[in-house]
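Sequence lines, in order, name chains A, B, C and D.
Counting from 1, one number per residue, gives the positions in the first sequence under the UniProt record's numbering.
Counting from 1, one number per residue, gives the positions in the second sequence under the UniProt record's numbering.
Counting from 1, one number per residue, gives the positions in the third sequence under the UniProt record's numbering.
Counting from 1, one number per residue, gives the positions in the fourth sequence under the UniProt record's numbering.
Hints were generated in silico from the structure; no laboratory data involved.
The reader is advised that the hints may include incorrect statements.
Said to hold, decoys possible - For lysine-lysine, the following PhoX-like pairs were computed, each having C-alpha atoms within a straight-line distance of at most 20 Å: (1) B:162 with B:132; (2) B:149 with A:140; (3) B:184 with A:140; (4) A:67 with C:13; (5) B:72 with D:16; (6) D:165 with B:140; (7) D:70 with B:222; (8) D:185 with D:200; (9) B:140 with A:149; (10) B:140 with A:184; (11) B:169 with D:70; (12) B:73 with B:149; (13) A:222 with C:70; (14) A:46 with A:67; (15) C:155 with C:165; (16) C:123 with A:73; (17) D:150 with D:183; (18) C:16 with C:169; (19) C:165 with A:140; (20) D:123 with B:73; (21) D:199 with D:183; (22) A:149 with A:72; (23) B:132 with B:149; (24) C:70 with A:169; (25) A:72 with C:123; (26) B:67 with D:123; (27) C:185 with C:13.
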Amino acid sequence: MITKTVNNVTEALDGVEDGMTFMLGGFGLCGIPENSISELSKRNIKYITCISNNAGVDDFGLGLLLKKNQIKKMISSYVGENAEFERQMLSGELEVDLIPQGTLAERCRAAQNGIPAFFTPAGYGTEVAEGKEERDFDGKPHILEEAFKADFAFVKAWKGDKAGNLIFKGTARNFNAVMSGAAKITVAEVEELVEPGELDPNFIHIPGVFVQRIYQGDNYEKRIEQRTVRES
Amino acid sequence: MITKTVNNVTEALDGVEDGMTFMLGGFGLCGIPENSISELSKRNIKYITCISNNAGVDDFGLGLLLKKNQIKKMISSYVGENAEFERQMLSGELEVDLIPQGTLAERCRAAQNGIPAFFTPAGYGTEVAEGKEERDFDGKPHILEEAFKADFAFVKAWKGDKAGNLIFKGTARNFNAVMSGAAKITVAEVEELVEPGELDPNFIHIPGVFVQRIYQGDNYEKRIEQRTVRES
Amino acid sequence: MLDKKGIAQRIAKEVKDGYYVNLGIGIPTLVANFVRDDIEVEFQSENGILGMGPFPTEDEVDADLINAGKQTITARPGASFFDSAMSFGMIRGQHVDLTILGAMEVAQDGNIANWKIPGKMVKGMGGAMDLVGSAQNIIVAMMHTNKAGKSKLLKSCTLPLTGVKCVTKIVTNLAVLDIVDGKFKLLERAPGVSVEEIKKATEGDLIVEGDIPEMVL
Amino acid sequence: MLDKKGIAQRIAKEVKDGYYVNLGIGIPTLVANFVRDDIEVEFQSENGILGMGPFPTEDEVDADLINAGKQTITARPGASFFDSAMSFGMIRGQHVDLTILGAMEVAQDGNIANWKIPGKMVKGMGGAMDLVGSAQNIIVAMMHTNKAGKSKLLKSCTLPLTGVKCVTKIVTNLAVLDIVDGKFKLLERAPGVSVEEIKKATEGDLIVEGDIPEMVL
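The shape of chain A in the complex, shown without the other chains (with noise of 0.2 Å):
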C-alpha cells in the first residue's frame, strides 16, 4: 500500500508559496477544507488565485484569507456573501473571475482527467462567452472551456484512508471530488483517517490515486450559513 499520510497540516501544506493557484473545495462553507485554510491563514501566504465556488463569511472559511489581504484573485461561480469581499472588489484590490458553476465543476473535472479542453453552451451569448471559441453541434451553439490548472487542491473528505482514498458524506461532496486530482498536488484533509481495508472499496468516491497527502483534521466548526428548520 502506497501511503499518503503526512502527520499535520504543517506537513501537508509543505511547499505552498506566495502567487500559487489553489483549488479549495465546499460549496458555500459546506465541506470545507478548514484546516488547510487555517493553516494558509496563519502561515500568510500571499498573493493567491484561489479557485473555489464561493468566497466564505467574513469570519470563516475565504474570508479568513480575504481579512488579511490573502487573495489576489477568485475565480468562482457565486461570491459576495462578505462584507469584506465587496470591499475589496469595489476598490479593486482583489481580481474576480465569475464563471458558471457546471463550467467551474467541468474545468476542475477535466484537470482531472486529462481533457484540456471541452465544449459546453453554458454562457454561450453573454459576457462568458467574449474571446471564446464558438462553435455549433446539432444546430446548438457551444463555447470551448479549458481545464483548470493549480498548484494545490484543498479538500476535505468524511473519512479516507492511508492510502489517500475518500468517502464524502452528504451534500459535502460537491467540489471535493472534482478538484481532488486536479492540482499538481492534492492535500485532503479528513474528519476520520482509517487504516487501508477499513473502506469498502466498492464505495471510494475518490481512489488514492488522486491525493498526494491526507492528514486527520480536528476542531472542525462545519458552520451552517442559513440554518432552516420545520416544526417536528
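Chain A is already provided as a structure; the job is to place chains B, C and D on it using the hints.
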C-alpha cells in the same frame, strides 16, 4: 418517488426497433446486461449498431446476436475473441469501428453529461486521428472527439431501487456506469431490486435520473472468460 | 394580481407527474409547497442532491446536508448525493425536466438577464447560465414590472444576458405568457387583472388572441 | 539472452517505491511477480481497479472481479473500484506513474506500433492508445527481433502506429535501451550478449558510448 420499475424484460425493451444504435455495458463478459441481450436475440432485432467495449464470445454476450446476424456495426475497443465475429468482419458482413478504450468511455460520459465534444491525446498521429481536428494544448497534440448518440443504453447493476438508483459491484461497474443516461432511453437490469430508501444515498453510483426503466433480472450466468487461480 | 406565493402556486400547476425539477432561489423555492400530492416529483439541487425533502426538524439538522441556497434540508427515500460535475452533467445532459428561476428581465426572443447589474455589486451567476444554457423547459417566475413600475418583459434585454433564446414560459404577478415566434403570447390573466393592464405593463410585443381566461389556482 | 521471464525480471527493477503501475497483457503481466517486497507499488487495471492483488484461490473467485486480460483477480487492502471513464481519467490525467506494455515495433523517435497488422485480423487497440498517448514513463517489453529474425527496433515504424514519440525505455531479450535524441541509446547488455549482436539486431540508429555493462537481474 418517481418509479422506474417495469415488470419484465419485455416491457423494458418496449420501443426497440431494427436499425437502432445501442450502448451495452460490460467489459468482456463482466457486467454485461445478460437479460436484455437475450431479449434482443429472442426478438431478432436486426441491423443494430452496438457501442460496446467488446463483442462477447461465440455462444454468450453479443456473440448471441452476431450468430444470428443481428449486428450491422460494432463500435468497440477490442473484439474478436469470437470466431464468428472474425468471419463476419473478414467477409465484410460486419462493419467494425475500433476506437481507443478511454475515448470510448469518455464519449459515453460526454453523452451522459451534455458535453458535445472534447479534446484527448489518445490516438493522435494514428489512423484514429484521420479526419479529426487536431490542436495543441501546452505543446502537446490532441484530437477532438464527439459524444456518442444512441437510442438505448442497456446496463446491468448489482443492486438497484425502484427510483432507478444503481450500485455496481467490483469491476462490473466499467462501462455500465458511463453508459447510464448516455442514450435516449437507459434500461437497467439488476441482480437485486430493492425499495427506495434501502440503498444509502451516499453510495449510489448512478442516480435514478439517468435511468428510464429498471427491472429485476434473472438466471445470471456471469461467465468467467479467464478463470485464473492460485494455490490456496 | 398575484403575490409571490400566488406566482409559485400557479407555476406548481406546470409541474407534471414524473418530473425532475430544479428550483432557483426566491419565488421558485416556494413552488415545492404547492405541488399536488398525487403526483411524483423529485427536486434536484445543483450542489449535489436529487430527492430533496422538507426542511429538517431541529434534531435532523446536518451541516453536511444543504441546498443550493445554503439552507439545511433533508433527503427523501430514494435520494442520492453526487459531486458537482455529475450534478451539472444532469443539467447539461438534459436529464432534468423543468427549471424554474427568477429574472430581472426577459425578452420576447427568449433571452434572459438575471445575474448582473452593471455598476452594482455582482455576486455571480452561480448555476444559472448552465441551467438556462441546457434546459429545454424553463419557466421564469417574476414580477411583471420593477419597483419603479417599468416593464421587465422587454423587446430586448438591456442588462447583461444569462442566456439566449431559452425561456419558454413566464409567470408573473399579472399573467401567464409563452414565448411564441419571438413574441409574448398572453395565455392567462391573474385574478382581477385586465388584458389592458397587462398590455400596459408589457414593453415587448404581446400577442392577444381571443378571450384570455383568468387563471385558476 | 533473456527469456520472457527475464525481461519481466529486468523491468521490475524500474518499478520504484510509491509507483502506480499499469501492466499490459503478455510479458508486462509477469513484471508483478518480480517487484521487490520492500517497496510499495500499486497496480491499476484499466477495466476499473486500483490495488490489484494476486490471483484468487478457488474459493475467492468472483466473476465481478477481473483484470484487463479478463483473468480473475483479487483486491488488496486499500483497493478501489471505479468506472471506465474515471479509470482512463487516471491514465489520461497522468496519475499513473509507469506504463509497461508490449510492442510489435518501436522506432528511434519513440513511435510505437502494437495493435494492427494490415491484412490480418485486427482485434483492436483496447486501452493502448490512451496509455501511450498520455503516460510520461513508458517501458516497452519485447523481443528484439521477430520470429523471422528481423529487427523490431527500427528507424521508423512500418506498421500502423499506436502512438507517437512516447516510448522512453525498451527492455528486450538482448538489451536495455533508452530513446535519446531520436536514437536508441544502449544501456545494458543481456547476460552473454555482445554489443555486436545487439548492433546486428537493431535496424535503428544505435548509440553505444563507452563500456556497456551486462545487466544485473
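**OP:** Please flag the earlier hints that this structure goes against, numbers listed from lowest up.
**Re:** 1, 4 and 5
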